[in-house]
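Novice: Letter by letter, the chains look like this.
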Amino acid sequence: MNHLTRRTFVGSVAGLGAAATLPAFGQSPTAEPILKKAIPSTGEQIPVIGLGTWITFNVGNDEKLRAARAQVMQTFFDRGGSLIDSSPMYGSSEAVIGYGLARIKNRPALFSAGKVWTLLKTLGVNQMEASRKYWGIERFDLMQVHNLLDWSTHIQTLKEMKAQGRVRYIGITTSQGWRHGGLEEIMRIQPIDFVAFSYNIIDREVEERLLPLAAERGIAVIVNRPFQEGVLIDRMKHHPLPPWAGEIDCANWAQFLLKFIVSHPAVTCVIPATRRVDHMEENMGALRGRMPDAKMRGRMARYAANV
Amino acid sequence: MRSFPFTAETYLSLFAAYNSTIWPAQVVAYGLGILAVLLALRPLAAGGCIAFAVLSAFWLWNGIAYHLMHFLQVNFAALGFAALFALQGALFAAMAIGGRRSFRFRPDAFGWSGLFFCLFALVAYPLLGWLAGHGWPRAAVFGVAPAPTVIFTLGMLLMLEGRAPLHLAVIPLLWSLAAGGAAVLRLGILEDWSVLLGGLLGFGLLVWKRRQSSAIIAATQ
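Residue numbers (my numbering), protein chains in the order written: chain A, 472 to 778; chain B, 381 to 601.
One chain only, chain B, in its complex shape (with noise of 0.2 Å):
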């Protein structure tokens, strides 16, 4: 198996040296991530168009300013994934034009579910992290960072209202299996357990959440 082309230590200190460069951008996006749950804690009616913007600007953030411009120095497949995390920005953005869809919490397993995804996103990553030896500067920050980005990302769809739709989370999971399995089983970054099976479970919860609302609808009509 061909191995990993950088080390931990290479890892971490890119982390480091992209905190300083993008600081106080991680003090917004907790700001924005924080906007995000109180809307669907607390919906509005344009509340679905700002919360999917918030996740296209995070989307975006993390594949222009972090894969472009940082993770390319040590990843040559950075030109990949930053592609990849466009386009799901690009995704984002369309939803957010469509206006047509809302996130509102309900307290159901789903519900609960992607309240403790994005709450986990927030406090307990990087406690994780810190608790890992991988705290500030080298710490993969909410917002800015792909890790924490992907669990919120899902934890937000888990709120979504109406049928889940599976094409938005399909990179999240692709990048939880890709990225969390690589950063745990090569560069033993622990916390990373966290995006590996986070992905698994978030997009499992996605498919139950899209055929109970499937079964729902067959059972109206």
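With the rest of the complex left out, here is chain A (with noise of 0.2 Å):
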């Protein structure tokens, strides 16, 4: 694996800046271009706005809501989006992207992060092929190590699979602040591209240690839980946006919190849920436009603690 010298950690930073000159991902809306960021193990350019399947795609087989799933698909992608994430332990939400991958129009090119989340190797052979059909795709893009749960073993597999093309890309998740020590242990001795774990606004503790040993590393940084599971926008939709918001082009708060997490320089791409297309819509509105620089993350990190 590539490690990120200093050059290249900001390298990859202004890449974000460079991507964005490129034409727009897949068949946007607007012309204007969107934002991707660099995976620095390979210098591959992705959307900075994935899209997480935690709750919301754990729809069972109504077909209703598997169809009104394949629509949130069918908007993520037709904005530009790239980046689906999913594991196991989402209960029926691998099927329901399968439902969708399979009947979403045009698609542009798909990333696929799929996950492990079992004991032993078998078991994980096993439940990555299940998960693999599924999604109805050749092979996973990202296979990630759910929780770090029998991580020793299944990262063994994953280097054999990413040795054998049957996988991209390989990485290791967590989410919640759970084991980070774990996590950090696991980033300084394991050859892995990608790392998960929880970030916003409000809970900030990452930037300390993970994100800056992510960007040593030449890690590439996917965030869940942007929103506390829904529970940031309650507590800020009540609130105005700040009139400077117009500034990084923010029309609304999903977009604020999403250009909050993406303009760190060692984040890759943040993964939101929603089973509502409109709020697709809000969210994929922060693939485009200015990002916030360091002084204005500030002034955005001040402004969302005191609301």
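It is possible that part of the hints are untrue.
Derived CB-CB ranges, DEER-like [said to hold, decoys possible]: (1) B:L565 / A:D674: 19 to 27 Å; (2) B:A470 / A:G514: 57 to 65 Å; (3) B:A388 / A:P714: 35 to 43 Å; (4) A:N777 / B:G513: 32 to 40 Å; (5) B:A426 / A:V702: 34 to 42 Å; (6) B:V587 / A:D674: 37 to 45 Å; (7) A:T513 / B:L577: 51 to 59 Å; (8) A:G701 / B:L570: 36 to 44 Å; (9) B:R543 / A:I660: 33 to 41 Å; (10) B:L511 / A:L712: 34 to 42 Å; (11) B:R486 / A:H651: 57 to 65 Å.
No lab work stands behind these hints: they were computed from the structure. We treat Cβ as the ideally placed atom computed from N, Cα and C, and that holds for glycine.
Make the complex out of the two chains shown on their own, each in a separate frame, by following the hints.
Specialist: Structure, rendered in structure tokens:
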């Protein structure tokens, strides 16, 4: 794996601006270019807004609800999205993703991010194969060990799969601030491409150690729970957006919160989850326009803390 | 605190699919439930065996048909729930085969409470669900869905003759606390307040009944 030097790290961050000058990804409804960031280990660029599926895509076999989620996915792709993240832990979410993918019209490239969440090598291999079938894809772009569960076993399997070309990237995840010490240790010793953890404008502990470490080690960062599962949006929506939000092209709180996250130099992508098309449209608005600089980020954090 | 893996919308949609799949098992369940209550009101020689067999059938059905075949779609923990429900079903089956205990309604605090719990599960719980907007087919139906089955079970145990077997009430209590609490607090299923409170009250009454039985036995020795 190519580890990130300070020079390449700065280049990666600068790449955000460079990517924004590229033609729009997929069938963008606007001519404005979308924001992408580079995966440090390869330089491959991905849009900074992805799609999470925890809770929202776990709708069982209900045809109406599945069709509604397929519409959310259609909007995601239409607005330039690419990375979708799920896990066997999310109930029927993987099957619902597969249902949606089979119905997306004019689908641009999917960046599939799956997870393995079980004990033992054999069970892990079987679970990953089952997930692949649920999604209806040839292979996963990214396979992650979910919540560090039996990570030392699965990381070996994932390394083998990557060497065989059965997965392009490997990673490890946690959420809600769990086991950050263990995650940090793995990031220091394992050649992983991605790491995922929770980060938002209020929960900023990862800025101290994990984000700098990811930058230092050349590990792409996926951020989960950007809205604290809706709690932050509920809290903010009763207050007006600051008038200066227009300076970073934010029209709503979702975009304000998402742009704060993806503007951190070490963050590659954020994966908000939603079950509503209008919310998806709001989220995907953060994929365009001006991004906050360090000074603006500080202003945003201070404002959010006082809301 | 880790959030729930699905929404109320998904939960109710699951019940709609489940109810249409198993129809007319709900009618059979009501028939069996009424039979069990009648056997407590008008005891027969083999009434205890039959009533325990009914309870066993309810719990096994909930474990296999509901948890394993439906709920597992949206909640990985359903595998563990299925095992617990099957265990409870096996305990009731053992009681049915043993044939040493019978149900008998007595007009005391425990008998009236037991009868109230049973009637609540059969009549009031579905009405509360309907009032909360969870009517058919999205309803948790008596005998084939865990919540009313748990309330009914505690009611029947309160009408069991002799010392209350607390080991038969542990899983119902745990379920009422865990699932009832989650349904109320996480999904906003307001009728499940009755499961949460019913579990605590029912188990408390069983403990009280057991103590009373022990005191009577001690006094007669």
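Novice: Evaluate each hint against the coordinates.
Specialist: Going down the list of hints, with the structure as the test:
no., hint, result
1, B:L565 / A:D674: 19 to 27 Å, "holds (22 Å)"
2, B:A470 / A:G514: 57 to 65 Å, "holds (59 Å)"
3, B:A388 / A:P714: 35 to 43 Å, "holds (37 Å)"
4, A:N777 / B:G513: 32 to 40 Å, "holds (38 Å)"
5, B:A426 / A:V702: 34 to 42 Å, "violated (56 Å)"
6, B:V587 / A:D674: 37 to 45 Å, "holds (43 Å)"
7, A:T513 / B:L577: 51 to 59 Å, "holds (57 Å)"
8, A:G701 / B:L570: 36 to 44 Å, "violated (20 Å)"
9, B:R543 / A:I660: 33 to 41 Å, "violated (59 Å)"
10, B:L511 / A:L712: 34 to 42 Å, "holds (40 Å)"
11, B:R486 / A:H651: 57 to 65 Å, "holds (59 Å)"
Comparing the model with each numbered hint stated earlier shows that hints 5, 8 and 9 do not hold.
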